[in-house]
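J.: Chains as they are written, first to last, in the working numbering: chain R, 1 to 113; chain C, 1 to 111.
Simulated from the structure, these hints should not be mistaken for laboratory data.
Honestly, I wouldn't trust all of these hints.
Heads up, simulated EDC-like pairs for lysine to aspartate or glutamate below, C-alpha to C-alpha not over 16 Å straight-line [claimed, not checked]: (1) R:Lys101 <-> C:Glu43; (2) R:Lys55 <-> R:Glu30; (3) R:Lys70 <-> R:Glu22; (4) R:Lys3 <-> C:Glu43; (5) C:Lys2 <-> R:Asp59.
Given next are the chains, with one letter for each unit.
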Amino acid sequence: DVKVTQSSRYLVKRTGEKVFLECVQDMDHENMFWYRQDPGLGLRLIYFSYDVKMKEKGDIPEGYSVSREKKERFSLILESASTNQTSMYLCASSWDRGNEKLFFGSGTQLSVL
Amino acid sequence: RKEVEQDPGPFNVPEGATVAFNCTYSNSASQSFFWYRQDCRKEPKLLMSVYSSGNEDGRFTAQLNRASQYISLLIRDSKLSDSATYLCVVNGEDSSYKLIFGSGTRLLVRP
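Take these sequences, add in the hints, and give me the full structure.
T.: In structure tokens form, the structure reads like this:
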């Protein structure tokens, strides 16, 4: 079974802190994604990566950056956390271009106080 | 207008009922369509892909209507375990990487 692991289930940070969300997948997937999910808004794509060291902006990249130094790991960075970044963050991966079945991690509920 | 729109529900139905959800999408160039299921406080999981010819998986049937730009999900003989949020997903216009998620339709199946 594909496993996508997110480092934390719940996280509480203060405004202005730098926050790292880590995601690891164990199935040699090419593509990795970061979404945030908010009530009434659905999942919105923040960033995605289709190869090591490659990254593409999604629909809401402002305030975020990403890093993909190894194929299996995709990190989301909040340079200076703000209260409007309080959300559920979901990492996902998929095989390659054209295969859109996404495998999601169990999510990180981030609260910024 | 949202790119993918769903009725948020909740749809509250008795066990054994048949229930249907629709989802409309705005981009006529979209080629890939999916239904994902998300249980409370869990991650989304792929339920089924939606093909042009329609497809069926047990009690679940998905249909695509390109002319009217909507997809549907029909659940027959509802079970308590079907209670979840159903997410409609459509690929974006610029690449197959970008999947656009609807905000979901909540289904509650009561005994």
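J.: All hints are to be evaluated individually against the structure, with a verdict given for each.
T.: Going down the list of hints, with the structure as the test:
1. For the hint pairing Lys101 (chain R) with Glu43 (chain C), the CA-to-CA distance comes to about 14 Å; that is within 16 Å, so the pair holds.
2. For the proposed pair Lys55 (chain R) and Glu30 (chain R), the alpha carbon gap of about 12 Å is at most 16 Å, so the pair holds.
3. As the CA atoms of Lys70 (chain R) and Glu22 (chain R) are separated by approximately 12 Å, the hinted pair is consistent with the 16 Å bound.
4. Taking the CA atoms of Lys3 (chain R) and Glu43 (chain C), the gap is near 12 Å; set against the 16 Å cutoff, the hint holds.
5. For the given pair, Lys2 (chain C) sits about 13 Å from Asp59 (chain R) by alpha-carbon distance, which is consistent with the 16 Å threshold.
Checked against the numbered hints listed earlier, the structure breaks none of them; every hint is satisfied.
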